[in-house]
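*Asks:* Each protein sequence line maps, in turn, to chains A and B. The opening residue of the first sequence carries number 44 in this note's numbering; numbering runs sequentially from there. The opening residue of the second sequence carries number 44 in this note's numbering; numbering runs sequentially from there.
In short, the hints are calculated from the structure, not lab data. Any given hint might turn out to be false.
Which residues of chain B face chain A? A partial, calculated answer using Cβ under 7 Å [claimed, not checked]:
| no. | residue |
| --- | --- |
| 1 | E170 |
| 2 | D188 |
| 3 | D189 |
Reference listing, derived: stretches of chain A covered by chain B, where coverage requires no fewer than 3 residues with Cβ under 8 Å from a Cβ of chain B [said to hold, decoys possible]:
| no. | region |
| --- | --- |
| 4 | 293-306 |
| 5 | 502-512 |
Computed far set for chain A versus chain B, every beta-carbon distance over 10 Å [claimed, not checked]:
| no. | residue |
| --- | --- |
| 6 | M91 |
| 7 | R132 |
| 8 | I145 |
| 9 | L225 |
| 10 | R237 |
| 11 | D264 |
| 12 | R376 |
| 13 | R380 |
| 14 | E425 |
This structure is a prediction, so every number in the text was calculated from the model and none was measured. For glycine and all other residues, C-beta sits at the position ideal for the given N, C-alpha and C.
Number of protein chains: 2
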Amino acid sequence: MTPSYDELKRIWTRLHHYNHLQSIAGWDQAAMMPPRGAPARAAAMAEMQGLLHRTRTDPRLADLLQRAQREDLDALARANLAEMRREWRASNALPQALVDAISLAGARCEHAWRSQRPANDWAGFLENFREVLRLGREAAQRLADDTGLAPYDALMDQYEPGATRVEVDRVFGDLQQWLPDLVRSVREHQSRERVIEPAGPFAKAAQRALSLDVMALLGFDFEAGRLDESAHPFSGGVPEDTRLTTRYREDDLMPSLMGTVHETGHARYEQNLPREWLDQPVAKARSMAIHESQSLAFEMQLGRSRAFAGLLAPRLRAQFGDQAAFEPDNLHRLMTRVAPGRIRVDADELTYPAHVILRYGIEKRLIDADIEAEDIPALWDEGMRALLDIDTRGNYRDGCMQDVHWAGGAFGYFPCYTLGAMYAAQWFAAIRVRTPDLDARIARGELGAVFDWLREHIWSQGSRWSTPELAVRASGEALNPLHFRRHLEARYLA
Amino acid sequence: MTPSYDELKRIWTRLHHYNHLQSIAGWDQAAMMPPRGAPARAAAMAEMQGLLHRTRTDPRLADLLQRAQREDLDALARANLAEMRREWRASNALPQALVDAISLAGARCEHAWRSQRPANDWAGFLENFREVLRLGREAAQRLADDTGLAPYDALMDQYEPGATRVEVDRVFGDLQQWLPDLVRSVREHQSRERVIEPAGPFAKAAQRALSLDVMALLGFDFEAGRLDESAHPFSGGVPEDTRLTTRYREDDLMPSLMGTVHETGHARYEQNLPREWLDQPVAKARSMAIHESQSLAFEMQLGRSRAFAGLLAPRLRAQFGDQAAFEPDNLHRLMTRVAPGRIRVDADELTYPAHVILRYGIEKRLIDADIEAEDIPALWDEGMRALLDIDTRGNYRDGCMQDVHWAGGAFGYFPCYTLGAMYAAQWFAAIRVRTPDLDARIARGELGAVFDWLREHIWSQGSRWSTPELAVRASGEALNPLHFRRHLEARYLA
Numbered sequence: 044m045t046p047s048y049d050e051l052k053r054i055w056t057r058l059h060h061y062n063h064l065q066s067i068a069g070w071d072q073a074a075m076m077p078p079r080g081a082p083a084r085a086a087a088m089a090e091m092q093g094l095l096h097r098t099r100t101d102p103r104l105a106d107l108l109q110r111a112q113r114e115d116l117d118a119l120a121r122a123n124l125a126e127m128r129r130e131w132r133a134s135n136a137l138p139q140a141l142v143d144a145i146s147l148a149g150a151r152c153e154h155a156w157r158s159q160r161p162a163n164d165w166a167g168f169l170e171n172f173r174e175v176l177r178l179g180r181e182a183a184q185r186l187a188d189d190t191g192l193a194p195y196d197a198l199m200d201q202y203e204p205g206a207t208r209v210e211v212d213r214v215f216g217d218l219q220q221w222l223p224d225l226v227r228s229v230r231e232h233q234s235r236e237r238v239i240e241p242a243g244p245f246a247k248a249a250q251r252a253l254s255l256d257v258m259a260l261l262g263f264d265f266e267a268g269r270l271d272e273s274a275h276p277f278s279g280g281v282p283e284d285t286r287l288t289t290r291y292r293e294d295d296l297m298p299s300l301m302g303t304v305h306e307t308g309h310a311r312y313e314q315n316l317p318r319e320w321l322d323q324p325v326a327k328a329r330s331m332a333i334h335e336s337q338s339l340a341f342e343m344q345l346g347r348s349r350a351f352a353g354l355l356a357p358r359l360r361a362q363f364g365d366q367a368a369f370e371p372d373n374l375h376r377l378m379t380r381v382a383p384g385r386i387r388v389d390a391d392e393l394t395y396p397a398h399v400i401l402r403y404g405i406e407k408r409l410i411d412a413d414i415e416a417e418d419i420p421a422l423w424d425e426g427m428r429a430l431l432d433i434d435t436r437g438n439y440r441d442g443c444m445q446d447v448h449w450a451g452g453a454f455g456y457f458p459c460y461t462l463g464a465m466y467a468a469q470w471f472a473a474i475r476v477r478t479p480d481l482d483a484r485i486a487r488g489e490l491g492a493v494f495d496w497l498r499e500h501i502w503s504q505g506s507r508w509s510t511p512e513l514a515v516r517a518s519g520e521a522l523n524p525l526h527f528r529r530h531l532e533a534r535y536l537a
Numbered sequence: 044m045t046p047s048y049d050e051l052k053r054i055w056t057r058l059h060h061y062n063h064l065q066s067i068a069g070w071d072q073a074a075m076m077p078p079r080g081a082p083a084r085a086a087a088m089a090e091m092q093g094l095l096h097r098t099r100t101d102p103r104l105a106d107l108l109q110r111a112q113r114e115d116l117d118a119l120a121r122a123n124l125a126e127m128r129r130e131w132r133a134s135n136a137l138p139q140a141l142v143d144a145i146s147l148a149g150a151r152c153e154h155a156w157r158s159q160r161p162a163n164d165w166a167g168f169l170e171n172f173r174e175v176l177r178l179g180r181e182a183a184q185r186l187a188d189d190t191g192l193a194p195y196d197a198l199m200d201q202y203e204p205g206a207t208r209v210e211v212d213r214v215f216g217d218l219q220q221w222l223p224d225l226v227r228s229v230r231e232h233q234s235r236e237r238v239i240e241p242a243g244p245f246a247k248a249a250q251r252a253l254s255l256d257v258m259a260l261l262g263f264d265f266e267a268g269r270l271d272e273s274a275h276p277f278s279g280g281v282p283e284d285t286r287l288t289t290r291y292r293e294d295d296l297m298p299s300l301m302g303t304v305h306e307t308g309h310a311r312y313e314q315n316l317p318r319e320w321l322d323q324p325v326a327k328a329r330s331m332a333i334h335e336s337q338s339l340a341f342e343m344q345l346g347r348s349r350a351f352a353g354l355l356a357p358r359l360r361a362q363f364g365d366q367a368a369f370e371p372d373n374l375h376r377l378m379t380r381v382a383p384g385r386i387r388v389d390a391d392e393l394t395y396p397a398h399v400i401l402r403y404g405i406e407k408r409l410i411d412a413d414i415e416a417e418d419i420p421a422l423w424d425e426g427m428r429a430l431l432d433i434d435t436r437g438n439y440r441d442g443c444m445q446d447v448h449w450a451g452g453a454f455g456y457f458p459c460y461t462l463g464a465m466y467a468a469q470w471f472a473a474i475r476v477r478t479p480d481l482d483a484r485i486a487r488g489e490l491g492a493v494f495d496w497l498r499e500h501i502w503s504q505g506s507r508w509s510t511p512e513l514a515v516r517a518s519g520e521a522l523n524p525l526h527f528r529r530h531l532e533a534r535y536l537a
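So here's chain A without its partners, still in its complex pose (with noise of 0.2 Å):
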C-alpha cells in the first residue's frame, strides 16, 4: 500500500497532461501562429503557467512527499519520487513576489535587448540589466538557503542537477590549460588547407529534402514528430511527438543542414525517454548538459565526422548537384574549419568552449557579488583576447550583448553547453571501445551502434540516476575532460 504515493503519482500524470498543452501551444505559437494570434496566446499560456504553479505549490504535496518517503518503494519509485521532490522544491523555493518581480524584469530587460542590442547601447541596457541582476542574485540566495548549496551552485542546479562551481572549475580550469595552444596549433595546421565553398543559391525545398532525408539517416521517428521552420530553431513538443524547427538561408546550406543534425540529437533523446513511465518525472530527460550532449554527440561527434560527410556526399549531390565543394574530405574540411569570432553561437566546436568559459567566469563572479554588472565590458575584453586573441573593446553589441540569457535572466546556464560537449566525446570514446571498427560502419552508412549505445545508457534512462552516476554507468567514470581533449586532438591535428 503506498496510497501517498500513488496519489502523488496521479497529480504528475496530471502536470504532465497540462504540460503537452503547453508545450504544443509553445511550438505552434514558434512555427505556426500568425501575428495577430500572439496576445490571445500569451494570455492562454500565462494562465496555464499559473495552474502549472498552483499545481505544483498545493500545500498538500509537502505532506503527500513525506508520507511518501516513509512508505514502501522499491528503487524506481524511489527514483521518481526523488525527481518529484526536486521539481517540488524548485516551485517552492521562491516567494510568488520574486518569482513575479524577476519574471517581469527579465522580460522588459529582454523586450529593451532586442533593440538596444543593434544599437549598441550598453548604457541602456546597463538601466534595466542592474534590476534583472538584483533579482538573479536574491533567487540565488533564496535558492541556496533551501537546498544548502553556494549560491551560484544554487543557480546551475536548475539546469544541471548537482553541477558545482568546484566541479565545473575543474574541468573547465583543465580546457583553458591547453585551448588557447590548440587553437593557436590547429589555425596554423589549417592555413595551408584548401576549402571549396558550395555555389549557392539553395532553394529551400531542396533543403527542407535534404533535412528529412538526414533525419531519416538519423533514425528520426517521422510517425511521432515533425520538422517545420522558426525563427529560432529548437527540438520542442512532447516526447511522444517530438517537433523539430530549422530555418534555412538560401545562401548557405550548412547552418540549416548541421542545425537539423543537432536537432535531431535532441529529439531522439526525447522519442527514446521510457515509454512505459513516461507521465512521471523520472523518465523526463536527465538534465540540459546531458541534453546538449545528445546533440552534440549527434552533431560533433558524429556529423563533422570524416565518415560522416561520406554519407554526407551524395545526398548533397541529390540536392544541389554535383559540385566539387561535396566531395568528402572537402566537405569534411568544410565542417571543421576553426576561425575565432566574436559570436558564440556562429562558433566552431573548437573555439566554442572559450565562449562559455568566458561567460562561465563572469557570471559567477556576478551572481557572489564580487563584481558588478559595469564591470562586465572590461572582463569581456580582457577574456576574449587572452582566450581568442579577439579584440572586442567598444563592440558591446558583439560582445557581452549577444546573448540572450543573461538579458533575461538565466545565470547558471551557460555551462551546460560545454559540459555538454565533454558527456559527448565521452559517450564515444565508450563507443569506441565497444565497437573498435565504428568510423568504418559510419562510412557504411551502419550507425546502429552509436544509437543503441545512446538508446541502451541515455536515453532509456530518463531521470533515473543523477549525472555523475548516469556517466559512471555509462562510461565507467565521471566526467573526464581528457576525452574531449583526445577527441580534439585526433580531429583537428591529424
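Model the placement of chain B on the given structure of chain A, informed by the hints.
*Replies:* Same frame as chain A, but now just chain B:
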C-alpha cells in the same frame, strides 16, 4: 459595485484561456499531429475537458450567478450574464454518470460505425445505436426537466438556443410544400443545359494558391489565421487566430474551392466577433444556425452567384490555364447543377434541405419514443422517395448510416444546416434592399456591401441577442422561408 459579476467574469476569462489551449490542440490534432502522437494528445485533451467541466460545475457558481442577478448591471453585462447562466445550466443539467455514459456509448458506436458503414452492416450498427438512443432520450428528458422545454427542443437548444419544433415544423413544413416540385422543374430546366467539366489533374500547390487567393478576395485576415489541410475540413482555432482546413482532390478542384469559400464564411464571423469582449461568452458566435448562415452566405448566396463566377474565372485560369470550362457562364452552371443523390454532404444547394427535413422528421420521433431505432430504414426509404424520388432500399451505407451525428449521439443538430441556409437567404435579401446594385458590385469585385452588412448586423453582435431578436434587428423580421424560396427560384428557374 458588482463583485459577484466581476468574479464571474474572471472565471469566464479563465475558461476562455483554457479553451484557447484546447482549441489549438484540437486543430493541431487534425492538421499537424503525426499518428503516434494520438494517445498522448487524447489523454491531455481529456484532462483539459475534465478541468473545463470542473470549472463550469464549481458549486460556487450557483451562488455567484444568483447574486450577480441582483447587481446593478448594464444591458450588455446582463446579456453576458444570461450567456454565463446558459453555459452553466448546460454543464450542470446532466449528472456526471450520464455524461460519461453518453460519451462512452457514443465513442463506441461511432468507432464501430467507421467499419460497419462500408460493410452496410445495419444490424451490427443497431446493437450499439440502441444504447446511444436510450441515453439520448434520457438526456433529453433531464434537459427538458431543467429548462421547461419539450425533450427534443431541449436537445436543439444546445446548438440553436430557443429553437422549437413548433417553429422548425413551420418553416420546414413550408419548404416541404414547394421544394419537391421546384426540384423537378429545375431538373427539367437544366436537362437542356450543356456544362463543360474542368480538365484535371489539378496540382495541390495550384489549388492551395487558388484557395489563398479566394480567401484574400473574401477578406480573410491572414495576420490572424491560417489555411492548412485535414481529412475533414473545418474552421477551428480561436477568434483571435482562426484556422481553416481544406482537403485537395487532384481530380476535382470544386470541392476544395467551394469548401474554402464555405469555411471562410465561418472564419470571418469568428475573426470579427466583438474584440473588446472576446474573453466573455457574450462575444461568442450566436449559435450553430447563425454560424451556418455565415458559411452559406459566403458559399451559396455569394460564392455560387453568376457575378462571383466572373471573379473566379480569371483566378482559375491563372492556376490551371485557359479552359473553356472557366468561362463564367459555364462556371456558374457548374456550381448550380442540381442532381438529387443519396449523400447529404455531396448534395447541391437545392436538394440539401430534403436531406435535413428527412433526418429532422425521424430524429424528433426517435426522441419522443414515437418510433424505435428499428423503424429508421423504412422511414428513410419512404422519405427519400417522397422528397427526392430516390430508391434507397437495402442501401444503409448511403442511407441512414451515412452520417456520424446519430452514431455519436448528436440529436437535434441537423435542423441547423437548413435554418442556416434560410437565414443566409434572408440576410442577402436585406443586403439587396440596402444595395440594389449588389450584383453589379460583386461583378466588379466590390464585396464591401456584403461584408459591411454582415459585420454590422451579425459579426459584431456576438451573442448579445437571441437568434429571433438578432434576425429582427438585422432584417426586420423573424425567420421567413419566403426569402429562401425566392432566392432558389431566382437562381434556378431564371
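*Asks:* Hint by hint, note whether the structure agrees.
*Replies:* Each hint, compared with the structure:
no.	hint	in the structure
1	E170	violated (33 Å)
2	D188	violated (34 Å)
3	D189	violated (30 Å)
4	293-306	violated (count 0)
5	502-512	violated (count 0)
6	M91	violated (6 Å)
7	R132	holds (24 Å)
8	I145	holds (22 Å)
9	L225	holds (43 Å)
10	R237	holds (42 Å)
11	D264	violated (7 Å)
12	R376	holds (37 Å)
13	R380	holds (36 Å)
14	E425	holds (47 Å)
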